[in-house]
Amino acid sequence: MEAEVAQFALMGKYIGAGLATMGLGGAGIGVGHIAGNFLSGALRNPSAAPGQMANLFVGIAFAEALGIFSFLIALLLMFAV
Amino acid sequence: MATTGEEHAGGLQIHPMDQFVVKPLIGDGPIQWYTPTNVTLWMGIAVLALIALMVLSTRRRAIVPSRGQSVAELFYGFIYKMVDDVAGHEGVKFFPYVMTLFMFVFLSNMLGLIPMSFSTTSHIAVTAVLAAMVFLTVTLVGLYRKGIGFLGMFWVSSAPLILRPVLALIEVISYFVRPLSHSIRLGGNLMAGHAVIKVFAGFAGAMGVFSVVPIAAITAIYGLELLVAAVQAYVFTILTCVYLRDAVGEAHH
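As you go down the protein sequences, you meet chains W and Y in turn.
Counted from 1, the first sequence has number 63 at position 63 by this note's numbering; the numbering is strictly sequential.
Counted from 1, the second sequence has number 251 at position 251 by this note's numbering; the numbering is strictly sequential.
What the hints contain is simulated information worked out from the structure, not anything from laboratory work.
Hints may contain errors.
[Claimed, not checked] Just a few of them, taken from the derived set where beta-carbon distance is under 8 Å, the chain W residues facing chain Y: (1) Ala61; (2) Phe69; (3) Ile73; (4) Leu76; (5) Leu77.
[Claimed, not checked] Some residues of chain W that are not near chain Y, with every Cβ distance over 10 Å (derived): (6) Gly16; (7) Gly25; (8) Gly26; (9) Gly28; (10) His33; (11) Ile34; (12) Ala35; (13) Ala49; (14) Ala54; (15) Val58; (16) Ile60; (17) Glu64; (18) Ala65.
We put the beta carbon where it would ideally sit given N, CA and C, even for glycine.
Here chain W stands alone, though its shape is the one from the complex:
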């Protein structure tokens, strides 16, 4: 009985870690959205594009942070719980 409960908990841990990685898809959508919109804006007005590179990276960093949180949850489930 004890062993079965432990096995069940292990299964839940692995399933939870796998589910947590799905959050990274959201980060991918966000980063792609930002980069794509930057590119379409840059092609319309190429002379303004170099001045906006800092904003591009800040935007990507903020969008990516939330995906990294879900990656962290996956790592915590795998190695810390």
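Mind docking chain Y on chain W? Use the hints.
Only chain Y this time, still in chain W's reference frame:
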């Protein structure tokens, strides 16, 4: 973190998380706060590389710069322009701090990519200290320079009055989440990249002749990781500048 004695999961010959184990340099004793570990070693190498690049190579300054001097000037000009643009003219006072942060993170990331080395910035303990220092600096400098007016950044005066308490709550939460996301972004990206390389290395060990495919993949990912190492150092620094602007710059609401 995975322990070394643990049975390797999934039949991989190289456990992807074994590279992050902190070991003492001498012997197998317990790790105290004063024990020299591989983290200490590689941080020390990063600091020595920083000194070699920024101090030794610019000691004999010349109008026609040597190779070392021109690399140092390139970094200096790049970071100076970033601080001036993003943090504002008042933020230039913090240029030495931002420059040190960037060079340390950049060199640690790059040194971590040398095979068999140890990437210190993939540990959230390391990046959390860096991010906590930035957070403390921004908060203390903001309170010192603006006094109680620093808290005005939580009270969005351009929003309708009814929304302001809600926005204030969101702003306070996002302010205190900053050091967490600031540190996890750097540590998580580095850790994920190194783990991916080791997963492919595990494939290469198990596939015999066909291991050409994972080895080619490792080469491609390694190129991507070089980019990630530079971009994450850049992002860490530019976010420091963005946070500093709240403390020293004019209000942006």
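Hint numbers contradicted by this structure: As far as the earlier hints go, 3, 4, 5, 14, 15, 16, 17, 18 are violated by this structure, in ascending order.
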